[in-house]
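Participant: Please take these sequences and the hints and turn them into a complete structure.
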Amino acid sequence: MPTILLLVISNLFMTVAWYWHLKGGMEKPILLVILISWGIAFVEYCFAVPANRVGFASGWSAGQLKIAQEAIALIVFGGFMVTVLGEPLHWRHLAAFLCIMAAVGFLFIGRT
-8 MPTILLLVIS NLFMTVAWYW HLKGGMEKPI LLVILISWGI AFVEYCFAVP ANRVGFASGW
52 SAGQLKIAQE AIALIVFGGF MVTVLGEPLH WRHLAAFLCI MAAVGFLFIG RT
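Note that my numbering has the sequence shown beginning at -8, numbered continuously upward.
FYI, nobody ran anything at the bench for these hints, they're computed from the structure.
Be careful, since some hints might not be right.
Claimed, not checked - Distance windows between CB atoms, simulated:
| no. | residue 1 | residue 2 | range |
| --- | --- | --- | --- |
| 1 | Gly54 | Lys14 | 12 to 22 Å |
| 2 | Ile31 | Leu(-4) | 12 to 22 Å |
| 3 | Glu18 | Val95 | 31 to 41 Å |
Where is the CB? At the ideal position from N, CA and C, for every residue including glycine.
Facilitator: Below you can see the structure in the form of structure tokens.
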């Protein structure tokens, strides 16, 4: 559970780092946007690196860590897309999410 929690926090920061400027920040100079995003991404790394170390030490494979991170990233991004960017969800989003969740299932089948 600590791995999942750390990955969720990490993805919250990374989603903000990548997409914050699309709503209200488009007039800012690109270099400033990059520097701000790097600062936010630094905080993301402070959660992502421990998440991967804790998960790996707990018996997760690198593939399991990566696919879990991708699934969490889609959930976090979906929420950000709707609440911050004001974009609607479509059936395509659900279909893509289900495909990623199937990939998660495949990597965790038989995990001891």
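Participant: All the hints need checking, so say for each whether the structure fits it.
Facilitator: Structure-based check of all given hints:
Gly54 and Lys14 have their C-beta atoms about 34 Å apart, which leaves the hinted 12 to 22 Å range violated. Roughly 19 Å separates the CB atoms of Ile31 and Leu(-4), a value that falls within the hinted 12 to 22 Å. Glu18 and Val95 have their C-beta atoms about 39 Å apart, which keeps the hinted 31 to 41 Å range intact.
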